[in-house]
Amino acid sequence: PQEVHIKEPIEKEVNPHLLPGETLLCEASTVYKYIQEDGSNRGTYGKLVCTNFKIAFLDDDSASDDNEPQFKNKIVGENDITLQCVDQIYGVYDEKKKLLTGQLRKYPEKLIIYCKDLRVFNFCLRYTKEEEVKRIVSGIVHHSQTPKLLKRLFLFSYASAAPNNADGRNQTVMFDTLEDWRDELERTRGNVKYKVVATNEGYRVSEKLPLYFVVPICVSEENILKYEGRGIPIWCWSCHNGAALLKMSAFPKEQDDSTAQTQKAFLDGIYKTISKPPYELLKMDDLSSSLPSLQDIQTAYTRFKQLFLIDNSTDFWATDVKWFSLLESTNWLEIIRRVLKKAIEVVECLERQHTNVLLIEESATDLCCVISSLVQVMMDSHSRTKSGFQSLIQKEWVAGGHCFLDRCNHLHKSDKEEAPIFLLLLNCIWQLVQQYPPAFEFTETYLTVLSDSLYVPIFSTFFFNSQHQKDTNTSGESLKTQSGPFRFLTVWDWSVQFDPKAQAFLNNPLYAEKPKPDKSQRKTARFKHQRQLSLPLTQTKPSTKRGFFREETDHLIKNILGKRFGKLINSSDEPPNSFREFYDSWHSKPVDYHGLLLPHIDGPEIKVWAQRYLRWIPEAQLHGGGTIATAAKILDLMEEVQSLQVKMDEEHSQAISGNVHSIPVLRNSARLSSLFPFALLQRQSIKPALPTSTWKDLEDEDDLVKRDDEFVDLSGDLS
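FYI, this note's numbering numbers position 223 of the sequence shown as 209, with every residue one higher than the one before it.
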């Protein structure tokens, strides 16, 4: 501490880079930011500021452009935290952590900020003036943790101050006009049985529904108006064989008998218009009873993210000892598996049984969005292109009325409404992307950046509960700007966040332009140390007494210690025979990257999305290894091919019009981390000295066998 105190703080004045509409609220000088990577007190002095958009730490490096990363976000810097990205704030008082909320009586000597993108910031305020400490701590807590009004979001300040020249559509269909819906009906050949309706113009049916949507041709306007759109099958997508995927907002379950009877009669009439055996079959699926509740999903994710919000190296290695049991106990991977399994069941009905599927949910704006999106990604190769996937999100989530504001808790109004439903979808899509990379035009980096964009309040995409809420908050004289009509940015204009070189990381250079059947996916070699990202194949329902390994302990220990492991345990939640037959039959054939895709969902096939969850943890990085090492070689090769192509064209005097795709050049690829582009070259990690008792347990096989749940991949950790 004395050495740190003697170190001179920065002399030159460093001012924050402010966006249009961004104002500085409070600041504190001589703040010390710890670098917790090796458990020491190393760090740097700087200024901590809070604006109406972000919390930012400014040091010497902030003023220079010498060390700019290759993958730089133009809106949110490395030491910036948007107010919506703050998860929890802790103060340290006499070495004890305390959660900070509301009014503070005593101000802490250290500040720890946990972010929703899983970064952890540690600031020491011991050398900062007392008045500045009070201002900055109370300012940060107030602006990031207390309930606020929608109009106070930075979204509105930015939109009214920033010049909006960009079109921002980038071939993404926004589904805010009749034409967009008609084009989609025509693309999927659904226009024979379904029609676009404008009944909700002026929101006279419901504020939750979009202005335009698609229903079966025989559904009348009178029926749509009767119950504010409830009980009406709304079209999502049509399969090549004519079967359609539909969703419906259910009636409230608690009703008096006469109302319930009337509603039942109404539904029976509606069902008869869709289900006309033997020509038109209908399968109904109530997602609220067949999938986990929103509360279960929120609880699982809250537990899961705690595994990655790590303060220092010692904490990392402490959790590594019982990684499998900690991961299993969160139930997050099991929820992903159940959601993917449900999507495959729907695919089977549409593809093999030629049956219409009607997804039912209370509001039809949560799990309906997840399942309908997954089904379309699995069945429609258009949804696996970048513009197709973005259009899908617009159709099912933005126009579909997913309550982003409530589910992300952007306004801190109610924790009860919070649930990571959109993140759940991205986690499921990632499983498909990592299992079938050539089938997708976008990369996992694209998905990671998209998940980060949930917390950047300059785009309207993820900051409203419905189209109605957005429309009512963009009209009115108060929102007229000097440069013309008030208009929000859309997240799909990636040029706002990234320059062309960085955007190239979002595109998959190995995307299969034409169908290429490929029976086998080559397995990547095992690396020296890699935290296992999937659970062993074991029973899905853990014992409440002995933990998740139970009777299989001895077998698993032998496996972990590098001995033969002959017995695999089947899932206790075995799918029905028809499902299993469909699933196994598809997986026994070569993969058509432009045809139907079914994910592997058995046990260890469901993995942790390493790039998103481990990118800020140096201990989890493989220097010069991982998929990025392969990608670097491929990109080098592609660059060489492109330069040869240019030379050949010059030889033949065929001047190129400059329409060559931008490919990022990865310098020093041998030194890149496996979690590039988010974790860069200079980050190093030293394995700390763990308590002797811990290592003794790890090295003694007999002791390890006797323990419940404390397991480690010894082939990696002790090598």
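One or more hints might be untrue.
[Said to hold, decoys possible] Have a look at the derived ranges for each label pair, beta carbon to beta carbon:
| # | residue 1 | residue 2 | range |
| --- | --- | --- | --- |
| 1 | R175 | L623 | 36 to 44 Å |
| 2 | E499 | S275 | 26 to 34 Å |
| 3 | E81 | L4 | 32 to 40 Å |
| 4 | K84 | G581 | 41 to 49 Å |
| 5 | R566 | E81 | 35 to 43 Å |
These are computed hints drawn from the structure, not numbers from a lab. No residue lacks a Cβ here, since even glycine has one placed at the ideal position from N, Cα and C.
To see whether the hints hold, each was checked on the structure:
| no. | hint | verdict |
| --- | --- | --- |
| 1 | R175 to L623: 36 to 44 Å | 40 Å, holds |
| 2 | E499 to S275: 26 to 34 Å | 42 Å, violated |
| 3 | E81 to L4: 32 to 40 Å | 36 Å, holds |
| 4 | K84 to G581: 41 to 49 Å | 55 Å, violated |
| 5 | R566 to E81: 35 to 43 Å | 55 Å, violated |
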